[in-house]
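**Q** Listed below are the residues making up each chain.
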Amino acid sequence: MHEIDMTKALILTVKDWYESQPEKPKIEKIHLTVGQFTCVEPLGLQFAFEAQTRNTFLAGVELVIKDVPLIAFCHSCQQEYKPEIGLQYSCPDCKSPMNDIRYGRELKIDRLEYSAINNQHLSISN
Amino acid sequence: MHQTFDAAIELNLLHANQEGADHNRQHFDKWGITCLNIMSSPGAGKTVLLEQTLKALKAKLNIAVIEGDMTTQLDADRLRKYNVPVIPINTGRSCHLDSKMVAGGIHILEHQYQPQNLDLVLVENVGNLVCPAEFEVGEHGKVALLSVTEGEDKPLKYPVMFREADCLLITKTDLAPYLDIDLDRITFNIKQINPQVTIIPLSAKTGEGLETWLDWVQSVICIPSGTKAKHKEQQKETKI
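Chains B and E, in that order, are what the protein sequence lines are. At position 58 of the first sequence (counting the first as 1) the number is 57 in numbering that gives the first Met the number 0, and the numbers step up by one without a gap. At position 140 of the second sequence (counting the first as 1) the number is 139 in numbering that gives the first Met the number 0, and the numbers step up by one without a gap.
All clues stand as given, with none of them false.
Once the Cα atoms are required to be at most 27 angstroms apart in a straight line, the calculated BS3-like pairs of lysine-lysine come out as:
id, chain 1, residue 1, chain 2, residue 2
1, E, K153, B, K81
2, B, K107, E, K99
3, B, K14, E, K99
4, B, K94, E, K153
5, B, K107, B, K65
Just so you know, these hints were derived from the structure itself, not from any lab.
Could you put together the complete structure from these sequences and hints?
**A** Structure, rendered in structure tokens:
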């Protein structure tokens, strides 16, 4: 269950950012990009994140995962194509093997959405 | 009004592991060691491959093994018979080695052996076709094994492992006549995912392909000095 290790790394990265902020903001969303040609299961990440952030400063924070399909580039046909994972990776037109992968290997923490703590107080008092 | 802000992070989810892997590789480079990461599903023949490799090459090369195993030392005990440094790493319930665990092995190498005298470190990963492919440990090359009993479709089902491999050994070829398996089909399936990979059919029992494998290992090792760096540059050009 390597999603647990990846989630630990994710939490540490976000914690580093949080601690570097002079006024501790309220983190609302964490945006990730996860390619389909990786060994990472988005549902596994969601589950591990929820379990590991319970009763921490990240409790209740939403994990938004952008799923990126596998896109390869065929040099013979000079065009991109979408391999069918589990079935067919070579070019559907000329059958050349999958040489270049353009998208689908991403495993990235993109950005955080946060609100200033003062705003948070306002929204609570309202 | 509830106002939200964005903070760009733009970091790989595995950047901590990657940093650790780069650090491990710097140690290997400093000592002139080539490191190979050996991966496969459980029972594909990693340990017997290491036994054969140590037997054939230990007179020519100074080799050490970092042996990942979930709970036991059974594999490490098998390899110690060849009188080379064998450093066991129990991963507990983790299904792969990561760069931090291998750094622990490197620390032992540094303090209990003379790593500057070593030519080759073989890292035997935990048996698993999924996770080890994503966790670099500081290796210069990745070797994957696929035994003929696992079936022709495995490269299609576990493509990341087969994409990442520099050398792919199709093992237990002596069993092929007893199975409904098409070796050409396995090769075809691997090549459509990774056209650059070196594929070697091998039987540790009959010795078929063993010489080709030993030649491959020696071809990626740093003799004479500078060759390894050149090999790495070539790899960078051919792999994404």
